[in-house]
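Engineer: Residue strings, one per chain:
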Amino acid sequence: MDEFRTSVLTQQTGFLLLGIFGVLWIALGIYWGRKAKDTEGFMLAGRNVGLALGAATAMATWVTSNTIMLAPKFALQMGIWGMLAYATASFGLFLFAPMASRIRRLLPKGYTSGDFIRLRYGRVAWGLFLLISFFYSMAWLVSMAMAGGILLNALSGMRYEYGMTVILFVCVLYTLFGGLYAVIGTDFIQSLIILAGVVLVGVVVITRVDLGEIHATLAAKQPGLIQVFMPVALLSFFNNMFFGFGEIFHNNVWWSRAFAMREGVPQKAFLLSGLFWFPIPIAAGFIGLCAAPLGINVPDADMVGPLVASKVLGTAGAVVVFIVVFCSLASSIDSLLAATSDLIAQDVYRKMLNPWAEEAQMRRMATRIIVGLGVVTWLICLPRISDLLSVLFFAGPLVGSAIWPVIAGIYWRRANPAGAVAAMVLGSTVGLIAYFQIGWYTASLVGATVSMVVVGLTTLLWPREFDWKKLNEAEAAS
Amino acid sequence: MLIGCTVVSGQEQPGGGPEAVGPTGPPPAVRFDDREPVNTREGHATLSWTVADREDEDWRFEIQQSFDEGFDNAEIRNPGGDRAMFVSGLPDGTNLFRIRAVGAGGATGDWSEPLRVVVDYHGRWLVLTLFGVGCLVFVATVVTVLAGHRRHVSGKEAG
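The listed protein sequences derive, respectively, from chains A and B.
Going by the numbering used here, the first residue of the first sequence is number 1, and it counts up by one from there.
Going by the numbering used here, the first residue of the second sequence is number 1, and it counts up by one from there.
Please note that the accuracy of each hint is not assured.
[To be verified] Below 20 Å or equal to it, Euclidean Cα-Cα: the simulated DMTMM-like pairs (lysine to aspartate or glutamate) are:
1) A/Lys221 <-> B/Asp120
2) A/Lys221 <-> B/Glu69
3) A/Lys109 <-> A/Glu263
4) A/Lys351 <-> A/Glu161
5) A/Lys221 <-> B/Glu36
6) A/Lys221 <-> B/Asp92
7) A/Lys109 <-> A/Asp210
8) A/Lys109 <-> A/Glu40
9) A/Lys109 <-> A/Glu359
10) A/Lys35 <-> A/Glu359
11) A/Lys221 <-> A/Asp210
12) A/Lys351 <-> A/Glu473
13) A/Lys109 <-> A/Asp467
14) A/Lys37 <-> A/Glu465
15) A/Lys221 <-> B/Asp72
16) A/Lys109 <-> A/Glu473
17) A/Lys351 <-> A/Glu40
18) A/Lys221 <-> B/Glu75
Hints in this document: simulated from the structure, not taken from any laboratory.
Sequences are here, hints too, so could you generate the full structure?
Structural biologist: Below you can see the structure in the form of structure tokens.
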């Protein structure tokens, strides 16, 4: 990144920190991996995850590198509204809490979100849903791996390719050894580090700035950031919220956690995770707003959070940011690797290619898929793409269109397959048109709206009774 | 690296530092990489620039922002030695930027040709309509999930 003339940490320090935490996560992965005796243990941690681990894993997974980078970027681009817009992503966790409790009851032996769509709506909707889910998961993985490379480069001067490669390699390795046991265990430790780090940076920054001075500087130099009517920010508010709903409601990262938690735990765990997550983008966003008032030049908006934190806090702050970034990257990449590999192993390999696959074959396939996902992500990330938002938000209308097929499928007995398919096709199409015609900040909003109207109308006009017992595949088969 | 609470103001020395140390000799010409006006509906843009010669030396830069061609009452922005600057929260209309290099002892080069950043925010009708639609979808989503959850808990919607 030529725009950055200096980095706060040396490359040696960067490699040392990567080495220490990389070895720690891999060692913990191997340790926890010993518990994974069978496929259910590897994929769903034995369906026995309790409240503390459940809440921590959901919170840590949702604190991605994107939170550390995009929340301050939202504030820098769109001001106070932008900061709040990013924080609305926690509402997805709040609403998924009651849904998770029902998911757990409807599919007591379920493995993936794909299982639900296949059993509830049939194969056409299932195929479409898998396409959306794979596209989104890859976009998320790629955006995080890229973010990791960029962040480590800016903080320590380490080459983008090196940082991105090490992060991916470490996450692939410990997910490979430990499956969901390792993912959830490391998430617990990572969530504690992230919370402590963000609180520390937030407290120090707030003690070093004068709120009155910040307001005065923003009013003079960046008046749009404190205006009540900031057009793009107002558009982003619900767009970001529905993007978050779509991400959480459809993606197997969250469904696999609902399946992995003990009966009665999911609702409380997701509520707690939302509560813990909510202040993080606010604190991170505030840091972004402070850039201009503190006289800090921002050459690249993606980097504003780490840049301000490390410049205000010096070398110690950069070390904290480096560790928080590594933890948030690892806690999300491992979850995505595990959940996406489950989706491919269960929904594609077992359900489409080899229905008679035995335990050992499934385990082998899951490990191959994790390695394959890591390699594909690495290849896509090598040519660095400049704007992180464009990568991730391109998936916005797609996941937005999946919100209502999922909600209606869970709660409405009369929602029908044709409506679900039409909602995903029309929602994605119209959302993508909005993406190109108006802007990325309307795509999920439009996709979700179209999806809601289509599902509502088709359920009203062509209701089709569904027997909830069909969702319990094991019971239906016996 | 500690910046602390320093607020950049128009009274500061060119280039961002009171001592303004840097390469000696006359500072070179600087030009923005964007030649055409930059159009944005989001009120932000990334400005980047190139130094005409002695590119590898540690020049500092000074940027002025104004609404008028004469750059009267210009806001000063100091990107230090960076070669790019992200500007946001820009007001509606045409924002003009010009840049110059700063060398040792505060010696300054010539101002560049101004770069126009044209901000054209979305209209109120579109924004308020989509915001209203967002409110409706949000309420519908929350009501559907909570009502469904109530039926689920009460056992009216068996699962």
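Engineer: Each hint needs a verdict: does it hold in this structure or not?
Structural biologist: Verification of the supplied hints:
1. A/Lys221 <-> B/Asp120: holds (18 Å)
2. A/Lys221 <-> B/Glu69: holds (18 Å)
3. A/Lys109 <-> A/Glu263: holds (12 Å)
4. A/Lys351 <-> A/Glu161: Roughly 37 Å between the alpha carbons, so the hint for A/Lys351 and A/Glu161 is violated.
5. A/Lys221 <-> B/Glu36: Given pair A/Lys221, B/Glu36 is violated - Cα atoms ~23 Å apart, limit 20 Å.
6. A/Lys221 <-> B/Asp92: holds (13 Å)
7. A/Lys109 <-> A/Asp210: violated (55 Å)
8. A/Lys109 <-> A/Glu40: It holds: about 10 Å lies between the C-alpha atoms, which stays within 20 Å.
9. A/Lys109 <-> A/Glu359: holds (16 Å)
10. A/Lys35 <-> A/Glu359: holds (16 Å)
11. A/Lys221 <-> A/Asp210: holds (16 Å)
12. A/Lys351 <-> A/Glu473: holds (12 Å)
13. A/Lys109 <-> A/Asp467: Within the cut-off at roughly 17 Å; holds.
14. A/Lys37 <-> A/Glu465: Violated: A/Lys37 and A/Glu465 sit about 40 Å apart, past 20 Å.
15. A/Lys221 <-> B/Asp72: holds (15 Å)
16. A/Lys109 <-> A/Glu473: It holds: about 7 Å lies between the C-alpha atoms, which stays within 20 Å.
17. A/Lys351 <-> A/Glu40: holds (16 Å)
18. A/Lys221 <-> B/Glu75: holds (7 Å)
Hints 4, 5, 7 and 14, counting from the list given before, are not met by this structure.
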